[in-house]
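**Q** For reference, the chains in residue letters:
There are 2 protein chains.
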Amino acid sequence: MAQKQTDTISRLITEISKLPGIGRKSAQRIAYHLLTHPASNAENLAQAIIDAKGSAKICSICANLSHSDPCPICASEKRDHTLVCVVQDAKDIITIERSHCFQGVYHVLGGSISPLQGIGARDLRIDKLIARVRQGAKEVIFATALTPDGENTAVYISGLLAPLNVKMSRIATGMPVGSDLEYTDEETVAGAITSRRQL
Amino acid sequence: MAQKQTDTISRLITEISKLPGIGRKSAQRIAYHLLTHPASNAENLAQAIIDAKGSAKICSICANLSHSDPCPICASEKRDHTLVCVVQDAKDIITIERSHCFQGVYHVLGGSISPLQGIGARDLRIDKLIARVRQGAKEVIFATALTPDGENTAVYISGLLAPLNVKMSRIATGMPVGSDLEYTDEETVAGAITSRRQL
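Keeping their order, the protein sequence lines are chains A and B. Per this note's numbering, the first sequence starts with residue 3, numbered consecutively. Per this note's numbering, the second sequence starts with residue 3, numbered consecutively.
No lab work stands behind these hints, which were simulated from the structure alone. Hints are all accurate, no fakes.
It does not matter which identical chain is used: a pair holds within one copy or between any two.
Simulated pairs of lysine-lysine, PhoX-like, Cα-Cα distance not exceeding 25 Å:
id	residue 1	residue 2
1	59	27
2	130	169
3	20	93
4	20	55
Using the sequences and the hints, build the whole thing.
**A** As structure tokens, this is what we get:
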């Protein structure tokens, strides 16, 4: 009995440490927080996980995560469905939507081509993107990460789309707004100088 | 309907961001991880929270968190019940137990005296500690944090225990094992030099 119940605490720590960005020490801290703070906290979290998991749907068009299929963006008549922004993950959509600068639709790849992590082109939703472009996209914006894997993914897919005669673009590299030259890495500075705008 | 279900995702993000050390961005990343990875992950976590919350008990003697009351340490005949180690939180017990260097019992205060956070002596389990010492402790080791709050708490409680004629000690300050002078803060170095051991 004693042993069995200790295990529920260890199991909670193990489950928490499986979350992205959470190490063993943080998992332990979180588990003790959940177990020693008022009951409502832990149960609210457990319920929120169950509810969200039960109601979240992956859009069959763009693979966005939302409440409905198709997602509100794909279903909206106000969006420009000929302008497709390609992102790695569904959470990238939130980031772009918050900028309020994009009125097109999205296409979630589900990652980037990463030989080191064993992720190849076949693991991504590239065929669906090609099908969407064939169905009438005018421009594809590659908003994959500004990392080697993200760059390679954009280059690889743009090669596949080239014969389809669609306009393609890549989000700009440059200095983050509000940043200081002193604290910016050289590659970013180099990109910012190379891509300088005429005033 | 659409709005309602988006809200389950937002609510999950909100609940996750209430956890210690998790900001809004990390909470978003964790929520998307839970919702886009195989179903078992999220449900295992929810179930682990419910199970642990349901079976975890706070020891009525030392306030340790475990499966039983009294906890296995307080219930053990192998431990020295006259040697009491005072810690701030139940999770500190795990850390000390892992060092395998302590065979006494613990007393969890439930925090440290912190005027800035509005935590006073009355909020801590100090009366219970005094009662335990009266019942026959021979030595009290203060293992509260090596921070101003942790130090003040140890000094305050040692003042209360002084009339009870019990031996009192404080864990040693010094250089962490494996650390380098170059990367150690001055106060730690000062403590290490002051508390130097004769060879």
